[in-house]
Structures are given as structure tokens and as C-alpha cells.
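Asker: What follows is the residue order along each chain.
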Amino acid sequence: MKHLPILVRALRDPDQLVRYTPADWDLLLRQSAATNLTPTLLSLAEARGLLKRVPAAARAHFDWVRPLAARHRQAVRFEVACIQAALQPTGLPLLLLKGAAYAMADLDAGRGRLFGDIDLLVPKARLDDVESALMLAGWAGTHHDAYDQRYYRQWMHELPPMTHVRRGSSIDVHHALVPETAPVRPDPDSLRARARPIPGMPGLATLAPDDMVLHSAVHLFFDGEFDKGLRDLFDLHRLLGEFGAEPGFWDGLAMRARALELGRPLFYALRHVQRMFGTEVPPAVLAAVAPEGPTPALGWLMDWLFAHALLPLHPSCASAASASARFLLYVRGNWLRMPPLLLSRHLFHKAFLTPRAAA
Amino acid sequence: MLTVASLSRAELEARLAGPGLSVQTGPFVSRIHSPIERIAEGIATLYGDYPLRDFDGFADFHVHMRRSGGLRRWYRPQVSFDIDGLEPFEPLPQEHAFPMLEWALNWCISTRAHAYLMIHAAVVERDGVAAILPAPPGSGKSTLCAALVSRGWRLLSDELALIRPQDGLLVPVPRPISLKNRSIDVIRDFARDPVISRPVENTTKGTVAHVKAPGDSVARAHESARPAWIVFPKYEDGAVTSLEPIPRARAFFRVAENAFNYSPLGAVGFNTLADTIDRTVIYDFRYSVLEEAIAVFASLKPPAA
Chain A
1 MKHLPILVRA LRDPDQLVRY TPADWDLLLR QSAATNLTPT LLSLAEARGL
51 LKRVPAAARA HFDWVRPLAA RHRQAVRFEV ACIQAALQPT GLPLLLLKGA
101 AYAMADLDAG RGRLFGDIDL LVPKARLDDV ESALMLAGWA GTHHDAYDQR
151 YYRQWMHELP PMTHVRRGSS IDVHHALVPE TAPVRPDPDS LRARARPIPG
201 MPGLATLAPD DMVLHSAVHL FFDGEFDKGL RDLFDLHRLL GEFGAEPGFW
251 DGLAMRARAL ELGRPLFYAL RHVQRMFGTE VPPAVLAAVA PEGPTPALGW
301 LMDWLFAHAL LPLHPSCASA ASASARFLLY VRGNWLRMPP LLLSRHLFHK
351 AFLTPRAAA
Chain B
1 MLTVASLSRA ELEARLAGPG LSVQTGPFVS RIHSPIERIA EGIATLYGDY
51 PLRDFDGFAD FHVHMRRSGG LRRWYRPQVS FDIDGLEPFE PLPQEHAFPM
101 LEWALNWCIS TRAHAYLMIH AAVVERDGVA AILPAPPGSG KSTLCAALVS
151 RGWRLLSDEL ALIRPQDGLL VPVPRPISLK NRSIDVIRDF ARDPVISRPV
201 ENTTKGTVAH VKAPGDSVAR AHESARPAWI VFPKYEDGAV TSLEPIPRAR
251 AFFRVAENAF NYSPLGAVGF NTLADTIDRT VIYDFRYSVL EEAIAVFASL
301 KPPAA
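First to last, the protein sequences are chains A and B. So the first sequence is numbered by the numbering used here: it starts at 1 and just counts up by one. So the second sequence is numbered by the numbering used here: it starts at 1 and just counts up by one.
Any given hint could be a false lead.
[Stated by the list, open to error] Chain A residues, not near chain B, derived (Cβ > 10 Å throughout):
id	residue
1	ARG9
2	ALA23
3	HIS61
4	GLY91
5	PHE115
6	GLY116
7	GLN149
8	PRO291
9	LEU305
10	VAL331
11	PHE348
12	THR354
[Claimed, not checked] Selected chain A positions facing chain B (in silico; Cβ < 8 Å):
id	residue
13	GLN74
14	ARG77
15	PHE78
16	ALA81
17	ALA85
18	PRO89
Simulated from the structure, these hints should not be mistaken for laboratory data. Beta carbons: idealized from backbone N, C-alpha and C, even for Gly.
Using the sequences provided together with the hints, build the complete structure.
Answerer: Right, dumping it as C-alpha cells:
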């Protein structure tokens, strides 16, 4: 808790917003603008009825983002309806992941959260059908380079991103949560079997609450890019806060993580939401997840890396340490995607062959 | 109220190089940081009338104009613009520092202040009613704007029409008017004693200089104005002055094309623009002689409110 950046303190305890001086607001809004979290702060202040007590100059910045957040919410609903119509012929339910799932299921984690792509999960055996159906409805594939096609189609857990030719909206079609080449294999069939329909929205589904948390955890803690790290960690804080109140949620979480081979990312997730946001996690769950953690020496290193990389991406929080932490985690993220030989081949291709092909 | 002019040149440079210079332009407070001499020179020339805002530590935009270029700084010094660690533009030669600051301040507003419908347009006002001059580049909008302002029209903005969705009024952001190439001499001859910054050659827009906004326009920056006319100006060598009304539906799309945030605002953008179009008279305007253009604007009749 010592020396947490003001953005983290505000997200952790929004009630303290009313005590901030204009100079506090100045720094808070710069950190939140740099991390795209101003609409999230707005949603937290509104939910607590604090907006009237925010100084006028700071409130103006909330007025700047309010229309964007409203438009984003509307655009997501529209795009999801379009995707659903496009996938009708396949007979598949539309299983949404991450931001689109939080928004459509009206979860706390979706309030004021901005995101670019809509992510969906479909059976691997039906990828071709899904891709054709989306193409018929105007989404075109990207990354036409033969190597990139192979990278996505043979090694990754998703198709190359598809972009709508007229609206420019983007979809990521996943068939698994982690790359085919990663050392762990959370079973996609089991994830889809446990998916939950979204009440009041026929044909739409999300992952089960525990699976949603585990996906968010593996996405953040096994990936190499931390530019949206703080937002993603706050997702976990809000998901755990909301689902944690549901009976039975905590009881099965650790076991489910083990079944999906995602014990390690859950360990990191619980550890760092607590450290950053003071999230309440039952001691029994922490005890059950503890054996999934790293050795003490590695644990110390990983704590240091994540603690630095998860800070707001703003000059007021930047240091040589945060830059090195992000770099090392980028290397680790690639390491976790692919076995070493394949990774060296991939990096060699990206470094030397792709630029030559582009020239 | 303390203005930038109350600072000596040395104090101004010390603030820019140290804690930053906080200046109020319309509804925005920008804190400008820069060790570059050209920035201090431009601000001293053009920003004397603007209020200093240093009392509480809050600013809307924290703009850094830095020396950059690594080794290159010794033989070809460059300037870069950065806001909270983000560098949206490529660095430019250091002589371009002041025009770059103006572009940077426009960028800050046009990419962030979505509480307004923002149109790429000059705005001038007379007797409480305003003319919006939307313009694709090269239309002579700024020249006409500078000419009108030198003949008694109040400057609301040379670049950004900010329409407040709640009441449909135009919110002023009076800042220096940007002139290009031949227009610089045209306005030097046309206006009475204009204050013009040192021309900067070879920018992406050619030679660029800025005209100081009138003190009265700066002092009245808190007074919003009702839009009465939308005029699409077009300068054409030798053209006969002509003012042609445009049908509303066509005008709607032409204004929308010149808006920075029509689409991101969604229904708010549509409704605000539709109301503005409903309450204004809209023209295509061709001109080649500034005196005639001024006379046409003087004869414009506002629609009934």
C-alpha cells in the first residue's frame, strides 16, 4: 500500500475522491487519461453519487469522456447483434470473452471499460464455418502474409483478427484461451460446456464466473504486453468482488484452476489484486492456491516484475525499473507462448524475413 | 487578473523551462513546458493578453515541447511534442517549434474535449451572433478570419468551433490565427498594425506565421455566442464575390465532414449538428477581394432567433 500511485488509490477506494485537492485531480486525470481509465473513474464516482462533490475543473474531464463511454456501449451492442446475425447459419451460440462479455452481461467489470476488439470462443472444428459466415457479413481477414497466416492458423489460439470492411470494427475469433504451442492446455470443450447464457439475451453466453476469472488471469499473467495491465488487473478486482458474493464461487475456484492447468496464473492474479487493490480473498482460497505458486526465489523476482509492470503507464510512475520489468515480462510472455526452438524461429522470421518481404 | 504580459521575458523563460507556464485559453488551461527559445519568443509575441492560471495546481493539458534528436541535436536540432508520455507527432526541425506548439494545443483539444461538438472551422461574432467558417485546407478560411477580426468581428477561434450540446451555443477558444504563405503579406497589408509572429519557412504547410488575437476577444473568452450563419469560404484568384445559399440537407453532411468528433458523439453529435443547421443560414462564399468579402459579411442578416 505504501506509495501507490494516485490512480491506484482512487480505483481501490473511490470514496477518497471527495478529499482530493485540485493538484491531486491534476495528476489523477493525467494517469487515467494515459491508461484509458477516466471512464472507469467516472463510473465509480457516479455509482457512489460523488460526482457533485468533484471540483468543476476535474468534472469537465468526466464530461469529455462521458459521450465516448456511452457511444462505446452502444457500438458494442450493435456489433454483437451484427455478429450474432452473421453466425445464425452456423447454429452456434455466441460465446463472448473479456470486455464484450463484461459489457453484455452488465457486470461491474464492464462499467466504463473501453476496449477495441470483440472476442469470441468457438469450437476448433467449426472455425472454417465461422470464418466464412463472418466474411459473408463483411468482416475481412487481416495479416495476409503467408508466414503470419501460418503463425495464427497453426500455432495460435485464434484466427488472424477480422475487421469489418465498412465499419472498421474488429473481431478476434478464438478456439482456445492460450496458444496451441503453449505448455498448458486449458480444455476448450470444458469451457464451452460450462458457459452461461446471458439472462434476457437469447443466443448470447459468457464463460462461467470461475472460468471468466481464470481467463482474465491467464490473459494478463501469461501474456507479454502490459500496456493495459492495470486495466486488466482492475477487471480481476471487479470480477472477484462481484462473483465473490455469489454462493459457492470461492469454494471451487482453486480446483477449477488446477483442472484447467491455470493454477499459476490464478496464484499471481490473487496475489497482485490483493497487493494493488486490497481485494478480499478468503484465506482458505489463498491456502489452496499457495502450492501453485513459484519457488521463493522466483516468487520474489516475479513479484518485483509484476509490481513494476502493472503500474499506470504514465511518466509519473515510470522508472528504469518499470521499463526493465516490462521488457523482461515481454520476453517471458513470448517464452510462454512457444517452445524455445519455435520461438527462436519465430523471432528470427519477424526480425529478418518480415522486414525484407515488406521492403 | 495577472496575464502573461506581466512576466518579464526572463521570468517567462524561467517558467517555461522550470515549473511550466499555465495559460488559460477559453475553457482550457494548458501548462506549457519548454526550454526552447522559439517557444518563449512566440508566447511573448502572441500570448501577452492571456490570463495566467497558477493558483491551484490544476491544468487540463500538460504540453512538453522538448529538444530532441539525440546526436542530431548538435548539427540539426529538433523539437518534439509530448503529452503525458505520448508523442503523437514526428519531431520537427527546431525552427518549427512555435507552429508545432499551436498544432499541439489544437490536437489536445480536438482529441479530448468531447463535451463539445468540434468542427474544424473559424468562428467570428458580431452583435452577439456568430458565423462559422468550416474549411477544408486551402480554402482561405484563416485569411478571411484574420481580415474580419481586423475589422471589428470578435474572434472565437481560427481552428475549432466548439458547440455545446446543452444549449447549442459556441464556446470561444480565441488563440492566434495561423496564416500560410502569401496570406501573411496579405494580412500585413490589410489589417491595421497586426502583430504577427516570425514567419517559419518550409513547414509541411509552407511558410507559416501567426496573428495575435485581439485583446478584446481574449478578454471576452467566457462569452459564448449563438450561431447565425455557416459560411463555406473559398478564395479563388480573380473570382467575382458571390454568396450562394446551400440547401440544409447538403450543408449537414458538409459540416459533418469537417467535424472532429461527429461520429464518436453518436446521437448527441447528430442532434447538436441538426439543431445548429436548423438555426442558421448557410452559404457558399467565393471571393478574391478582401474588402468586398468584409462588405458581404457586414450585410449578413441573422435569422430570427
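Asker: Are the hints correct? Go through all of them and say.
Answerer: Here is what the structure says about each hint:
no.	hint	verdict
1	ARG9	holds, 18 Å
2	ALA23	violated, 3 Å
3	HIS61	violated, 7 Å
4	GLY91	holds, 33 Å
5	PHE115	holds, 15 Å
6	GLY116	holds, 14 Å
7	GLN149	holds, 32 Å
8	PRO291	holds, 40 Å
9	LEU305	holds, 20 Å
10	VAL331	holds, 22 Å
11	PHE348	holds, 28 Å
12	THR354	holds, 23 Å
13	GLN74	holds, 6 Å
14	ARG77	violated, 12 Å
15	PHE78	violated, 10 Å
16	ALA81	violated, 16 Å
17	ALA85	violated, 21 Å
18	PRO89	violated, 30 Å
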